[in-house]
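Residue numbers (this note's numbering), protein chains in the order written: chain S, 1 to 278; chain G, 1001 to 1436; chain W, 2001 to 2307.
If you're looking for bench data, these hints aren't it; they were derived computationally from the structure.
Treat the hints with care, since some could be wrong.
[Unchecked claim] Label-pair ranges, simulated between beta-carbon atoms: (1) W:W2158 with G:R1090: 43 to 51 Å; (2) W:E2064 with S:A23: 29 to 37 Å; (3) S:P68 with W:L2084: 56 to 64 Å; (4) G:S1415 with W:L2084: 36 to 44 Å; (5) S:G66 with W:K2076: 15 to 23 Å; (6) S:L69 with W:W2081: 38 to 46 Å; (7) W:L2085 with G:K1067: 37 to 45 Å.
[Claimed, not checked] Straight-line Cα separation of at most 30 Å, DSSO-like style, residue types lysine-lysine; simulated pairs: (8) G:K1160 with G:K1372; (9) W:K2152 with W:K2166; (10) G:K1372 with S:K224; (11) G:K1274 with W:K2057; (12) W:K2076 with G:K1425; (13) W:K2166 with G:K1274; (14) W:K2076 with G:K1188; (15) G:K1372 with G:K1384; (16) G:K1274 with W:K2111; (17) W:K2166 with G:K1425; (18) W:K2057 with G:K1137; (19) G:K1431 with W:K2166; (20) G:K1186 with W:K2152; (21) W:K2152 with G:K1189; (22) G:K1189 with W:K2076; (23) G:K1108 with S:K224; (24) S:K134 with G:K1329; (25) W:K2076 with G:K1431; (26) W:K2057 with S:K134; (27) S:K134 with G:K1108; (28) W:K2152 with G:K1188; (29) W:K2152 with G:K1425; (30) W:K2076 with S:K12; (31) G:K1431 with W:K2152; (32) S:K224 with W:K2057.
Model, not experiment: these values are computed from the prediction.
Yeah, the Cβ is synthetic: ideal placement off N, Cα and C, and Gly gets one too.
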Amino acid sequence: MRKIQNMKRRTKSLLVLLLTLVAVTTLLPMAYMLISSFRTMTEYIYSPLGFPSRFRLDNFISIASGYPLLRNFSNSLILSLVSLGLSLLVSVPAAYAFAHIPTRWGSTLYVATISLMMVPIMVTLIPRYIIFSKIGILDSRLSLYLSYTAGALPYTVFLLTVGFKAVPKELVESAKIDGAGYAQVVFNVIIPMGRATIITACILNFVSFWNELVQAMMFTSNEKLKTITVLVSTMGGRYVSNMPLILTGLLIASIPMIVVYVFFQRYIVEGITMGASK
Amino acid sequence: MKRLSGLVLVLFLGGTLAVFGSGKKEGNTLKYWMIGNPTTEADQGKPADQWYVNQAVKRFEAKTGIKVEVSIFPDQSAFADKFKAAGIARNGPDVSGIWGGSVMFDNKDFILPLDPYFTADELSQIASINAFRYNYKPDGPLLGIPNAVSNDSLMLFYNKEIFRQAGISDAEIPTDVNSLAAACEKIKKIGVTPIAVGDQEGYYSAFMMLPLYASASGAQGIRDIVEGRNTFAQDADFVAAARVYQQMYSLGYTNPDVVSLNDSAGQTLFASGKAAMIVTGQWMIAAGYQLLGDKLGMTKWIALRPDAKYKGLMVGGPSQAACVTSYTKNPEQAIQFLKFLMSKEELVQCITVGNNSAGSTPFKVVPPDTFKDPFSRMLVDFNKNAPFSVFWLDNQLPQEVATELYRMSPLLLSSALTVDQYVAKMDEVMKRNILK
Amino acid sequence: MEPSATRVISPTHGPSGRRRLRHDNLTAFLSVLPMIAFILAITVYPTLNALFHSFTKWDGIHVEFIGLDNYAQIAKDPRFWQLLLNTLIYVSTVPVQILIALFIMVLLYEKLPGWRFFRSLFYLPNVLSPIIIGLIFRQAFMWEGPINAFFKANHLNWLVLDWLSKGPTAMGVILIAIIWNNFGYGVVLFLAGATMIDPCVFEAALLDGANWFQKTFRIFLPLLGRVIAFFSVTTIIWIFTGLFGLIFAITKGGPGYDTTTLEYMIYLNAFKAGGKMGYACALAVYLFVITFGISRISMLVTDRSDR
């Protein structure tokens, strides 16, 4: 507190001014997207940099009626949630074991799992594509569930292990001595105490699944399965000359993640911090 | 927390059930895959059951009792992968559209050769049938029947109004490089972009450069290169064509953003009246007519030189075929559907409901007056009376070479590569891919 | 049951201890089994599969063993080195990102009221999908776009270019997009790292008469070293392996291959006819080796600097 009062007013205003400048620069691309979405194609062609003459919702209506948005959003949602569930189902027990069950091979396996984090997606993309083709699940959600989960496992196991390690051993031991079985320890002790980390892992994974492009593009070709991210990737080709329309589409596609971010940013920040302080 | 984990569990189980529950439908239904838009622009805006293909399928069912399930794939560039993946998994369609040339040949394992199922008489109804024989050899297995709704010809489209304003008379409409340059200069003088080019994907080297080359070397030139008897660098006509292509940009005859503009944006540039000409397939007719109406003009693309050996040639042909998959469980029924689609009645229907741009149909059975719009009639005319015709040249290249062609096109146009460098790169890739 | 204070936790030795050890081993094994199964089936096996196929000519169906041909062809191809150069150019944004993030972090460090709002704002671009970001930038820098319009309006006509049509300028657009996308991650990270530093260190420095510059450069930054290193490594690996969305949106790797990275090249080659899948797998192995090398080196460096 003393520090703030000690600082001269000038320095404070300078800091705020600089921050605002940087903030405005950061917001420019998004402002461009927002403002353009209210303009018409001819307005934009005449002057790409400008304000709408009237606030029309025409572009929004075109996008909403031209694309089956509900279907794409629900595809993204289902995909992200199920993959998330699957990741947790597999990671939680593993993280519990790494954090609380001492074994001779534990740390080796842990390090091996974590190091998988840097396997590039492209390395596994082609073989997965062929394998999925051969077993016939290529054009289905299952291929993405499997692929996404496998991709998320190393980081999720890492995050959860760090979080679960913070649960005091004594609590776990006393629960066991009280006769708690495996499931009870996990559900009554680990998960409640590690709740914050779990939520962080959920949010980070959810965002990365939602925004994922390559695998969704390659593993599903069916119109009915397209996610909103894949849909956006096709927009550039179709309405090429109607810039405001494309920008409106981009705006609509951004909204879900912005909303998630606004509500859950605390967890995202925690997750990043935790990753750094390993 | 129990609730949260319970919820997660339920979601996961629900999701997997949903996935497995929507299993594959068995039954005696033919699966038909179509590439691209369901049919022409005439169908757009109409509810799905009024599209030509869906109506055709209904007619087929009424006639034979066989059901057909149609799947449409608007993402054309990715279709080849899907077809191949479906072939590997053996869960693809019974009848399918497929791009001719290297795509079709590459998927040969998954396509049923058709010769045993067609009489010589039936085959004689189709022009350019050899375009769909394996490796274009007249004795190779027939892999597909040209698809009526996607028969394309390369044309030069122009804006009659802009030509008039620039003072270009009918006699001065470009027929070779010299008359093209003269016309472009006049158009530049009135401040309009002469030629619209959207080359991000690289197709314009196939549209503009290769036909120039073919006008001097005919059909044999490219075969010689592809089969290893000649190289790009040693073929003077090819080098000359590449040079002319590069000059279109360097002399200012095109829009400035050729490299970053993609194909459909380029088409829009012309159709919205901001450029005087465009060289592309006859699919331009619909959009062009819609936006330009009577201002739309169409003629053949130019020859490399005024005295070019194959001046007046038509480039194009059926780029898409309908084929039957080799793993279909109902080959006879699939063939039946195929023959239905190529029958005279269906072809006439297809054209009558508005598929006007199928002007250069490869089917000899269609009476000429089926075509109602002037452009299609013009196309039929051009094709019938063309002194020479050549199948799409980029389709004849091995796929790796075609990819290189598309990829290098913007670099050649913008002079990021010199003509010599470009030709050297093309030869390097061609060396590895010589067709036996 | 006795109260917990006097309870003794059974040792892991002796008859009951050994049983506990076995029991622990079994429980642990069962706990990690699903994870191992998943990883083996869906990550390890495909990776080995890719390695195997990198020695073949493969089109998805037909496999033809050709030994090191793919690797040789790649190493001899000048294009391969161009791809690496492109990626390195992208990596050159990392120092820029660090500088920007540090600058902002210093502004936010004093935690003036509202600092949380600013921090959220700066991180926001990071939650957007790269394809969305890429398309926004593509629209902005197109020939008829707002950037050119801005230059025209301010009589800076020499800056009016088709940004996306020449390699260097197209790359510039991608560089800006990378920085915009990722700097917020740095801000959050550095801020977290900075707040972990004990303020007493600064008090001591102030007592010793250090001014703002000395404070920042000789004390602050070195203490942040670990966090900066972590940021650098994760960002560099992201640039090598995760730029697909941005490149696809802005230039599709073009013009030619001027903005393509090794990772994007794998995508371009993966589904072409004529046995390119084996070639693509070899490219992937190169990529894997490079990223593995980077992580290894970074671990060695940070371990050494920690001491």
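Hints versus structure:
no.	hint	in the structure
1	W:W2158 with G:R1090: 43 to 51 Å	violated, 60 Å
2	W:E2064 with S:A23: 29 to 37 Å	violated, 57 Å
3	S:P68 with W:L2084: 56 to 64 Å	violated, 42 Å
4	G:S1415 with W:L2084: 36 to 44 Å	violated, 26 Å
5	S:G66 with W:K2076: 15 to 23 Å	violated, 48 Å
6	S:L69 with W:W2081: 38 to 46 Å	holds, 44 Å
7	W:L2085 with G:K1067: 37 to 45 Å	violated, 56 Å
8	G:K1160 with G:K1372	holds, 21 Å
9	W:K2152 with W:K2166	holds, 20 Å
10	G:K1372 with S:K224	violated, 37 Å
11	G:K1274 with W:K2057	violated, 48 Å
12	W:K2076 with G:K1425	holds, 14 Å
13	W:K2166 with G:K1274	holds, 24 Å
14	W:K2076 with G:K1188	violated, 45 Å
15	G:K1372 with G:K1384	holds, 17 Å
16	G:K1274 with W:K2111	violated, 55 Å
17	W:K2166 with G:K1425	holds, 19 Å
18	W:K2057 with G:K1137	holds, 26 Å
19	G:K1431 with W:K2166	holds, 28 Å
20	G:K1186 with W:K2152	holds, 27 Å
21	W:K2152 with G:K1189	holds, 23 Å
22	G:K1189 with W:K2076	violated, 49 Å
23	G:K1108 with S:K224	holds, 29 Å
24	S:K134 with G:K1329	holds, 18 Å
25	W:K2076 with G:K1431	holds, 15 Å
26	W:K2057 with S:K134	holds, 19 Å
27	S:K134 with G:K1108	holds, 18 Å
28	W:K2152 with G:K1188	holds, 22 Å
29	W:K2152 with G:K1425	violated, 38 Å
30	W:K2076 with S:K12	violated, 58 Å
31	G:K1431 with W:K2152	violated, 47 Å
32	S:K224 with W:K2057	violated, 34 Å
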